[in-house]
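In order, the protein sequence lines correspond to chains H and R. Just so we're aligned, residue 1 is where the first sequence starts under our numbering, counting upward by one. Just so we're aligned, residue 1001 is where the second sequence starts under our numbering, counting upward by one.
Hints should not be assumed to be uniformly reliable.
What the hints assert, rightly or not - Partial pick of chain H residues on the chain R-facing surface, computed with a CB cut under 8 Å:
1) 44
2) 212
3) 216
Unchecked claim - Here are the simulated distance ranges between beta carbons:
4) R:1044 to H:93: 38 to 46 Å
5) R:1091 to H:93: 39 to 47 Å
6) R:1091 to H:102: 52 to 60 Å
7) R:1037 to H:498: 30 to 38 Å
8) R:1039 to H:105: 38 to 46 Å
9) H:7 to R:1142: 17 to 25 Å
10) R:1204 to H:28: 31 to 39 Å
11) H:149 to R:1250: 36 to 44 Å
12) H:7 to R:1066: 24 to 32 Å
Simulated from the structure, these hints should not be mistaken for laboratory data. Note that this is a predicted model, so its numbers are computed, not measured. Note that beta-carbon positions come from the ideal geometry of N, C-alpha and C, so glycine has one too.
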Amino acid sequence: MSTYQERLRHRYAVLAGVLLVALGVLFVRLWSMQVLSADEFAAAAENNRVREVAVEAPRGRILDRNGEPLVTNRSTLGVTVVPAAKDDEDLLYRLSVVLDMPYNEVVERVTSVREAPLKPRLVAVDVPMRTVAYLAEHQTDYPGVDVSVVPVREYPHGTLAAHVLGYTGEIPEAQLQETEMSDYAFGDIVGRSGAERQYESVLQGLKGYQRVEVDAMGSLRRVIDEAEPVAGRDIVLTLDAGVQAVAEQALLDALADARADEFPNARAGAAVALDVTTGEVLAMASVPTYDPTLFTGGISQAEWDRLNAKDSEYPLNNRAIQAGYPPASTFKVVTALAGLEHGITSTGSTYYCSGTWTGMGEQWPKRCWLRTGHGSIGFTGGMAHSCDTVYYEIGHELHRRGNEELQAWSRQFGLGAKLGIDLPGEVAGRVPDAAWKADFNRNYPEYRTWLPGDTVNISIGQGDMLTTPLQMAAAFAGLGNDGTIMRPHILKEVLDAKGESVRTYEPEVAHEIGASEANLRAIHDSLVAVTTRGTGASAFRSFGASVAGKTGTAEVYGRDNYAWFTAYAPAEEPRYAVAVVLEQGGHGGAMAAPAARSILAQLLGLQVEHVKAQDRSR
Amino acid sequence: MTTTRLDKFRTWTNIPLVLIVIALLAYGALMVHSATSGFGSGAAMFARQMVGIAIGLGVLVAAWSIDYRKLEGWLGPLVVLNAALVISPRIPGLGSQVSGATRWLEVGGVSLFQPSEPAKLLTIVIMAIVISKFKGRIERGRDVAQVLAYLALPFGLILLQPDLGTGLVFIAITLGMLLVGGMKPRFFLILGLVAIVGLGAVIQLDIIREYQRDRLLVFLNPEHDTQGAGYNLNQSMIAIGSGGLTGKGLGQGTQSNLNFLPERHTDFIFSVLGEELGFVGAVVLLLLYLGFLVTALEIATSARDLLQSLIAVGLITMWTFHIVQNIGMTIGILPITGLPLPFLSFGSSSMITNLAGTGMLLSIWARRRAA
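Bound-form chain R, shown alone:
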């Protein structure tokens, strides 16, 4: 039997995943171009985004080449590296402050990247190593406690930035991996109750920042304050709703071009899409995401071992959480957090992270079980 080059390529590459990611990148480039074209520095920003994609593709190839089974023995160093990443913006001289939170790593006045982005991937790997050790059975409380202890470190540190959104991402990916990793259903119930009690305590004890509380209150009652904290949500919903079935046309969004939409190229890029391309454009995006996630799920099920399955599951929950949370906030069904929309939002840190995650999926696919 002779194997053609295409067959060899198929062995290493999940073609649907690659095509969907290319489509998402193109869609994202289109929207970032439209969203930034009204800015004075729009062309430079678009170029920066393209550079981010280029770097991301390089990182993707690197991530593709790694065999993640080899990381199993590196748990200790990975935990330390992850903690260092998450805490780095808090180290004097390394962080830069943006709207009350310290999320950027800055050296010599040059902003490098947001360490919380690669930390998401590291956390996925760490939690996958930890959970995979139970070989698909997490039935004892102390097993759960052990897993949670590994989660607590990055989660606690990310709250210091403070970055509640990323903290919630850590929780989501852990829960996803615990599900596939074999945690008994009753623990989900217990964790759910603990989460509710904890959330109440957080709100009561003023642990969250004032702007975060405002965002929560506005989410509960959007008409509460349409000029203050509710302004963003209100303008976003107006943008998306006014897009109608087919949208106002690319570059024709009034909410976007007249600056009614805040953060339109980053967190609210979906509002631009909804306004300019309408329901049709939004559904096309949802279908692309659905295809991407289903393909990723297929990769997870075909992984050679539980560790790699769990990494794929962690990536899936990370993306799902970002997609649902980001779009959900723009249409008023979830509170506003600063989570970017995967492959769409302007910003190189998240773009590189998402492409790295894609590379991880491709690596898992390339090393899959024989069919």
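Isolated chain H, as found in the complex:
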């Protein structure tokens, strides 16, 4: 009996032992979690409950010189879809029906690789209220679909000045690595081209943040603390919206006229208008253009591909600063001035144009564009009628003097180098010389030598000479500003939140042409002759102001001629310079000069008329 009692006590002891060990294990584990590792778990709990939400700062506006808003901001209702939903075909199909969008476009927006990998994709903006209400009521049927207020750029004037203004988009990954972009985060909206990009640091505000407490569903419970965002600063551009609109319309009209005439391929061109005394850009147009709202909420790959297609004429290109063209006869001002300065020609010089020039020997004849010849012609007449023979003579003589004087004068006119305009992507153009040719043809020894014909070719703005429309406008602005070329710029001032100017652009000298007053006067008189009795006379018939200008008709291999017109006005007291180029637009005097006339008319407060000129010269 006692053994049974002992055995029973022993069994209870085992039971009590099991019980103690089990509770002991719980105790030890709780000690480890709540005393030793409490900090880690506390951090995890904080991480659960606290979300830091960046509050976007409104981006600064972009205004024209008169305070007219060109780019503003607005809030709109956008529908976003998390990228994880990209394979849910059923969901995306139903969404496309609700949003009244093509299914493919919804898929494309969600799968677009041009955005941050985890950020919800903006599928549609400006969603009507009833659609928003429908999505809100059927939230469970549309997992991952959200409606949010998104700030987007607004363009009150549509596509006006799209190239100068530029577009915005998500910051590219490569740019994020740059040290000056260290304040930026993945998915931030930044300026990607034009003034938006150039003045990114001014336009971009300071992001605010909100630390909020959320529950397990991610719903906001309360705001813990917050910092208000600081809006970006507004910038005032030198552009004049009125002049810009006229310039863009004038380009379109001129191209339409060219196509209606005998130049069916005229589809692209550029125009620039400068203030000759300050370098302010009053208008800068490039055709074809693009709609910057395409970039709202991230451009789709298909749209992007369309804008960069080979047959698109590359509408994203700002041809005014990003395209180099042979300046053709507009370059004759450089050749003429170099000739005057070196005593090779003068206002009293007389030339004879038979239509064929054999100055380099009978075996190397050069043709004047007027095959029948201009006959006996003086310095001013040579400019007015754009006689090639005159410039062949001058160019050839400059070549014989050696020292590449024509190239040196070209550079003094600001050609062959960037002018330093405050816009991204400006190209330098090209002033060809012996060193360039030797390098360019380094694999073709027989073509490496600079020949007299090369200088003769560039003396009429052909050969390998390339200039941007901005460079030619600035060169003529220099001629109209007593030989001083001001650096072209688009920024007028930066405004603070109260609208007070905090930074004003100070005009800078870019180049001094370095010619005598008398010689500049001679060029001036010859340029006035162009519009009164020369190749530009038809376009400027009964114009209300005196204009000093030059036509140009560039030959481009395999394409129709490019039409140029460059000018400054009023001739007696120059204020504005204009350059117009029409790709494959034909004759400068017939096609480009009327566009320049419209722009100058607007600048000078004259009646803007769409005139058609009857000039077949170059």
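Model the placement of chain R on the given structure of chain H, informed by the hints.
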């Protein structure tokens, strides 16, 4: 010798047990109040819990008054009643389904209670009657087989619900009673081996439901799936760990109030306690449980006969299993099963069962051997 009323009261009542149960009930009421206060229907739920306690106290008094020796002759009817209870939710028109399992008895659309809760007590009584017949010596294989045969019926039926947690409770209480009932140690070894082989077979043969397998896998690797099946465990551990030494304060638990904790008023009530009252609060609870179980053990040893000792042992193993399993799952050392925490978790079925069990202990104490 005159006996005072207090002495008479002491004869019938185990005062430490009563005090500890009152303390546990108060602690539980506090935590349920805190856990449900964030719900829209929190006040109603708290009231329901109080009603459950009131009913439970009535059942406690009833259980107290029963002399369990008289049940010895009722083994057959008890086995049938127990089987009927366990299978009742499976009878069409009587059961209601919650997350893949049928655990509620429902009549006319009104959920009554979870029959598996009283079935735990019935199983304890049944197994105690069966085991006590061997008079403290279970030395033959066929004796063990006989005992297991009585276990097999309720265990098999509970797996049909399916309710693996309660099934494991049945096994635990049987093992506890077999230990005290005198089963030879080598049978424990053999049963252990059979259990391991059986568990492997269960996992291999897809006998358990998918959610159960997920819970097991998550237990083996908590980081496996922190948004899916591992979410509950992860959030529970964050809640308890972040409570630290003294907790965030009653009603101040962020994991709890912001709904990161699932089932916070029922299966994960301990996570709320750990978060809001910290290590100190958790240890106080463990000490209360320890006191409760040690007192129960004392009652078991002082029982008048083996049958009543075994009933007390069965109750002790049932509570120990619930406590260790429930707290263990909230701190990631045991897989997640839906076992409530005794006297703490929201839910009247388990509350009434636990109070009934307490009444059974008091009855055994009242009829104890003379000291």
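TODO: Starting from the hint 31 to 39 Å, judge whether the C-beta atoms of residue 1204 (chain R) and residue 28 (chain H) obey it.
DONE: 33 Å, holds
Task: Assessment of proposed distance window 39 to 47 Å (beta carbons of residue 1091 (chain R), residue 93 (chain H)) - done: Since residue 1091 (chain R) and residue 93 (chain H) have Cβ atoms about 45 Å apart, the given range 39 to 47 Å holds.
Task: Cβ separation of residue 1037 (chain R) and residue 498 (chain H), checked against the hinted range 30 to 38 Å - done: With Cβ atoms ~50 Å apart, the hint is violated.
TODO: Hint says 36 to 44 Å; check whether the CB-CB distance for residue 149 (chain H) and residue 1250 (chain R) agrees.
DONE: 39 Å, holds
TODO: Would you settle whether the hint for residue 216 (chain H) is holds or violated, based on the nearest Cβ-Cβ distance to chain R being less than 8 Å?
DONE: 4 Å, holds
Open item on the list: Assuming the hint says 38 to 46 Å, is it satisfied by the Cβ distance from residue 1044 (chain R) to residue 93 (chain H) or not?
Closed with: 44 Å, holds
- [ ] Kindly confirm whether 24 to 32 Å is satisfied by the beta carbon distance between residue 7 (chain H) and residue 1066 (chain R).
- [x] Hint holds: Cβ distance 29 Å, inside 24 to 32 Å.
Task: Cβ distance range 17 to 25 Å for residue 7 (chain H) and residue 1142 (chain R), holds or violated - done: Given about 21 Å between the Cβ atoms, the range holds.
Task: Range hint compliance [Cβ, residue 1091 (chain R) to residue 102 (chain H), 52 to 60 Å] - done: 56 Å, holds
Task: Hint check for residue 105 (chain H) and residue 1039 (chain R) - Cβ pair distance inside 38 to 46 Å - done: 44 Å, holds
TODO: Answer holds if the nearest beta-carbon of chain R is closer than 8 Å to that of residue 44 (chain H); otherwise answer violated.
DONE: Holds, about 5 Å.
Open item on the list: Is the interface hint satisfied for residue 212 (chain H)? The criterion is a beta-carbon contact with chain R at less than 8 Å.
Closed with: Cβ of residue 212 (chain H) sits 12 Å from chain R, so the hint is violated.
Going through the hint list in order, the structure does not satisfy hints 2 and 7.
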